[in-house]
Every structure is written in structure tokens, then in C-alpha cells.
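A.B. asks: Using the sequences provided together with the hints, build the complete structure.
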Amino acid sequence: MPLSAQDDSASLNADKLLKDALLFSVDVDVTSSGGDSQLWNTRVEKITIPGRAVEVSLEGDDSKLKVNFTLYPAEDGKLLLVARSETWVGGEYSSALSSLPVAYRDEVYYYPLGRAEDGDDDSPVEVRMSINVIPYLETLDDAARDALESAFNSSAQFDLSGEDP
Amino acid sequence: MLSAYFDNELNGSQKESVENHLLGCPACRATLELFQSQRDKMRQDSSVFSENPDRLNEFWTYVGKSRISRIHGPRRIAVPLPLAVAAALALALVSILNFLPIGGSKASDAPVIVEALPQTPTVVSFTISPGELDDFFAVLEGTRVSNADSIHMLPSEFPVSRFGDPLIVRSDSFEGAP
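Chains as they are written, first to last, in my numbering: chain A, 1 to 165; chain B, 1 to 178.
Just so you know, these hints were derived from the structure itself, not from any lab. Don't take every hint at face value.
Stated by the list, open to error - Sample of chain A residues with no beta-carbon within 12 Å of chain B, all distances over it, derived:
| # | residue |
| --- | --- |
| 1 | D142 |
| 2 | D146 |
| 3 | S150 |
What the hints assert, rightly or not - In silico contact screen, one side only, chain B against chain A (beta carbon under 8 Å); selected entries:
| # | residue |
| --- | --- |
| 4 | F136 |
| 5 | E141 |
| 6 | S156 |
| 7 | S161 |
| 8 | L167 |
Think of the CB as a built atom: it goes at the ideal place given N, C-alpha and C, for glycine as much as any other residue.
C.D. replies: Following this line, the structure appears as C-alpha cells:
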């Protein structure tokens, strides 16, 4: 039996996986109502592929936010960003599903708790997630890219057969 | 013939023939009993007719017309009302179904919305287990600062509140975006 036939069924083509890999970054900002000033922030970066969710979880004294972002292939080279959120604020649970067609490098804002009204000084802080999607290989400089591609070149495939080499 | 028998208008052989028939026909016997009950009722209500000669004339006119229609009129088939209604409904249903697009020839005339959809969906598929995929990305993420799997603690001095439904929007289409 030719070796290539076995590889097709039991191995992963790392080169193809790298080409589909995406760098999914989320900047979480807690701002004063109206977004005037940033009070707190954190950054989440994850490498994923279309269809594989990235989870962002936040916890406060009286709140918990859990958001799953998933990208799906769409037409015209675009991606469909689907955000599934589960939030507990003051003991109240809420879930929602939102989606938006996006292109690479589009900056997308996601407000899991909605937006505060402008000029509402009495409102507590606002949570905003800034999302950015870039093909993973494009985030690497030439040297890093060459090194990675040489390490995972098309002839080097993951053996998933479970047998020791 | 039965009405004439009831009115004693038949000759001997005809009367004997009808009586022989009545021995084996419960329906005709019931009809005769109905005739008799009507006659008894008329006798009981004779005072009504005697006081209202016009109604008596109307009655005999009705009887005469009924008698003539039995003798000369077309034969009628007595159908119970519920059965007649059910038959009419069934006929209407069959007529309606005849115009509905049921079956291959009718369905082909309907617009096919599926034709407007893309011919083939865009998919990403690999032969890989979830654990292997996670390991692969963990290797790639090894050189990056990534704490995506952890839970981020919000500062307690900034209590959050729910303003409304979640909102997702592209930043360049958002007024007041930085």
C-alpha cells in the first residue's frame, strides 16, 4: 500500500491547517458610561480556525460573563462572526446569539451587556470587547514564517494513527 | 300501491298481493303505521279543521299533490341528511384536492428556492481529533502571551450593569468610535 494513501486518511496536513489558521484577538475594555475613559482592560489572543470557538470569560463580584466567539467561512472571502453570550448580572441570567459578517482586519465591537445611554452619568461601567481577526501566517515576520513553514512543511504531517513511530 | 291499499282503493287480487308483501316487509308495515297515525291525528284535530275550513282545504290540496307526485312523479331515493351532507363534503374535498399541487407533475410548477442558494457550501474539514487540534494550536500559541483559557477577574470597584441586549457592530460604522 502506498504510504501517501495512509497519510491521507490518518494524518493532518499541517500546511493546510496553517493557511486556515486565524489569530483571533479580543481587547476587553471596561470604561465609564459612554466610553469616555478606560478603567480596566485585558487582552485575549487565540489561534483558531473557522468553526472553532474562542471563549472569553469575565467574573466580577456580582457578575459573570461568558462569551464564545466562532468564525465561519462565508461568501466572497468573508467570515461570519457568531457571538454566543451567557451573562449573570445581579443573579439575572441572560443568553443571546449575535452574528455579523466580517472581513480580515475589521475591528468589531461587541457589548455583551448592551450599551449605556449617552450622558447617563449614573450608569455603571460599560464592558466592550474589540475583536480583530487576521490570518495567522500574516502576523509572522518573514524569518518566523520561514522557520514555521520549514518545521511544518507539507511533507511533515502529524501522525494521528496512535501508533508509535 | 301502498297508499292506495291504505285508502282501500285496490281490488281483491291487488289487495291480496300487497298483504302478502306486507308480511315480509317491515318497512312497508312501518309506512302503513305512519299513515294510520297521521289519520288518527287528523281525527283528533278535526275540531281545528272544522273551525278553520281554509286550513282544511289547504291540507287536502297538499295531500292531493302528494298523491299525484307519488303516482306520476319521478322515483326518489331517500337519503338520510347526515349521509347527504357527508357525501357533499367529500365531493367538495375531492374537487379541492384536484387543484392542489400534489404529486410530481404539480410540484414541478412551484418555484424552487433552493436554486437561489450557493451550489456548494464553503467548509473547513480536517481529519484530526479535538485533543490533537488543541495541541497543535498550543504549540503555535507558545510564543505568544495568551491567557484565553483563564477567567479574567473584573475589578470590584467597577460594578457592571446590564444596559440592554448584546450589541455587535463594526467599529467604522459606529458613531463616536475611537
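A.B. asks: Next step is simple, just say for each hint if it's right about the structure.
C.D. replies: Going through the hints against the structure:
With 12 Å as the threshold on Cβ separation, the claim that D142/A sits away from chain B holds: the shortest Cβ distance comes to roughly 16 Å. At the 12 Å boundary, the C-beta of D146/A stays outside the reach of chain B, the nearest C-beta of that chain being 15 Å off. Consistency note on S150/A: stated as away from chain B, and its beta-carbon is indeed over 12 Å from all of that chain's, at 15 Å minimum. Because the smallest distance between the Cβ of F136/B and any Cβ of chain A comes to about 7 Å, under 8 Å, the interface hint for this residue holds.
Satisfaction of the interface hint for E141/B is found here, the shortest Cβ-Cβ separation to chain A being roughly 5 Å, below the 8 Å cut-off. Annotation: interface hint on S156/B holds; nearest CB of chain A at approximately 5 Å, less than 8 Å. At its closest, the beta carbon of S161/B sits 4 Å from a beta carbon of chain A; the interface hint therefore holds under the 8 Å criterion. At a threshold of 8 Å, the smallest CB-CB gap from L167/B to chain A is about 4 Å, leaving the interface hint in force.
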